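Asker: From first to last, the protein sequence lines stand for chains A and B. 202 is the number that the UniProt record's numbering gives to position 202 of the first sequence; each next residue is one higher, with no gaps. 98 is the number that the UniProt record's numbering gives to position 98 of the second sequence; each next residue is one higher, with no gaps.
No lab work stands behind these hints: they were computed from the structure. Don't take each hint at face value.
What the hints assert, rightly or not - Derived lysine to aspartate or glutamate pairs resembling EDC-like cross-links, with alpha carbons at most 20 Å apart: (1) 137(A) to 72(B); (2) 76(A) to 51(B); (3) 305(A) to 136(A); (4) 89(A) to 51(B); (5) 32(A) to 72(B); (6) 70(A) to 61(B); (7) 85(B) to 58(A).
This one's a predicted model, so the numbers in the text were calculated from it and none came from an experiment.
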Amino acid sequence: MEYKPVIGLEVHIELSTKSKMFCSCPAEHFAKEANTQVCPICLGLPGALPYTNSEAIDSIIKLGIALGCKIPEFSKFDRKHYNYPDLPKGYQISQYDLPVCLGGQWTLDNHKKISITRVHMEEDTGKLIHRKVNGEKVTLVDFNRSGVPLVELVTDPDFESPKEVDEFLRDLRHLVRYLGISSADMEKGSLRLEANISLGRVKGREDKRVKLPDYKVELKNINSFKFLQKALSIEIKRQSEILDSGEKVNQETRGYDDYNKKTFSQRSKEGSEDYRYMPEPDIPPLIINKAAIARIKKLIPELPKEKQMRFKDSYKLPDNYVDLLVNDQDRADFFELAVKIGKAQGIDSKMIASAMLNNNLDRSSSSPADMVKKLVEVTKKDYASQAEIEKAVNKVINGNKKAVDDYKKGKTNVIGFLIGKAQGYLKGKGEVGLVRTELLKRLEKK
Amino acid sequence: MDKSNKFDVRHIADLAGLNLQKKDYSKFEKQLSLVVNYFEEIKKVNTDDVEPTSQTTGLTDVLRIDLIRPEDQLSVSESTSNTDKTHNNYFVVSLLLTKE
């Protein structure tokens with residue numbers, strides 16, 4: 001039977017604001033001593049009232065604009081209830097029916113368009129650690145992460161392969177870093193991935209349309225792009241085997257075990273679908289008008305895809321060079337400055353890119369100007385000296401009588417052949433302009 | 001909830017994290033029905049000209065500048081003062097099996 005994967009994504013991005021979403025505690029919580037960055041608001045103490053961080057709202061609007069989302073004028077927060085020790089209020093402040101961003105789109109390299117369903121604002125939960133203390137298995141709770149601004153992005157189930165998923169996620173991480181709204185670091189948990197995957201049966205040999213599946217499997221708690229790729233591929237195989245045998249695939253949540261190269265069923269929270277959403281009465285709604293959107297648009301820098309196009313056009317670099325440079329915003333800026341400075345010194349953009357990417361010369365240089373200076377020195381050192389050139393030209397003139405005669409008869413294009421000969425003697429180290437000048441000097445003289 | 005105002009008391013207790021005895025179900029079912037039935041009274045009020053809202057102040061965009069205010073934070077001894085179950089500054093709860 002022929003199947004087509006139907007994959008959708010849910011991505012959580014922790015914002016890198018200074019303070020938390022609804023209080024003034026520090027938002028940077030990585031490797032901090034437990035419960036040292038908390039206050040009545042993020043501990044959910046009675047009577048504490050949330051106070052929304054404007055920078056977090058600006059950040060999510062930036063992301064929404066960059067993903068081509070609509071930013072509705074009216075948006076509000078809601079309470080999502082569930083009982084768990086990582087959630088001190090008994091509810092998470094999130095957005096239900098009126099998120100900040102709706103309906104965006106992202107284009108993959110194969111020109112396929114992925115629809116972004118929504119992007120909404122919420123708060124992170126506390127951190128749980130399961131451990132044995134005094135011989136007793138317990139759970140430890142740290143609320144430093146409680147209330148850190150969290151953006152949730154949901155896509156339509158538009159992906160048809162693990163490869164498409166991987167490309168989108170890399171693009172997204174890139175975009176988020178360019179926007180400067182998150183470190184998007186999977187190891188620190190500031191980027192978290194979930195995928196839902198099912199297989200649709202292809203209708204027929206001619207009709208390649210897909211009959212939409214009546215189930216979906218959620219892949220959760222996956223902590224790297226590579227593992228998500230592997231988990232998706234393994235799921236595709238597992239599900240197609242189940243479907244081939246005429247069985248039904250269970251709708252469930254699964255994790256990934258890289259050691260055994262398997263996905264496994266995870267028991268999920270009971271009744272977790274019953275979130276009893278209600279409008280958050282303690283936070284007045286957001287009105288995001290055209291002026292606000294125009295103000296935020298001005299804060300958006302040139303984005304990776306635009307930069308890629310421009311680098312290809314203006315610097316005529318190979319694709320892999322462009323990708324490597326654009327991948328790192330600081331390096332891309334360094335490159336552009338170096339090109340500007342190098343131009344006057346006869347150092348071209350390709351030489352600069354190669355020095356950076358093949359020799360990491362930028363890493364050992366204090367500034368673009370410093371790197372260009374080094375390049376000038378290196379190239380000078382490598383070039384043959386005037387005396388060496390004169391010697392080589394002498395040999396060429398004496399050793400290629402026929403070509404010299406041809407030149408004198410007006411066949412001036414033999415100059416290329418003569419330069420080549422001279423470069424042979426110089427082992428390619430002659431500066432072409434100098435060699436030509438020297439050759440012409442001799443040819444015109446005779 | 002269906003028309004007969006029957007409640008799945010066990011489910012509601014689960015959501016609220018309450019440990020109810022089976023013998024309590026019918027008692028709470030009755031009590032909950034009474035509360036909800038009271039809304040039938042409120043329904044009699046004519047609300048044709050009333051806009052639904054979750055807000056009463058009329059405020060919008062109450063936003064704060066992104067600043068850390070150390071003076072708002074609690075010390076560890078303050079933040080954990082409502083429990084005697086702590087370990088190295090962590091709150092301690094009984095082991096949760098449901099997540100993994």
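Asker: Just pull the numbers of the violated hints for me, sorted ascending.
Answerer: 1, 3, 4 and 7
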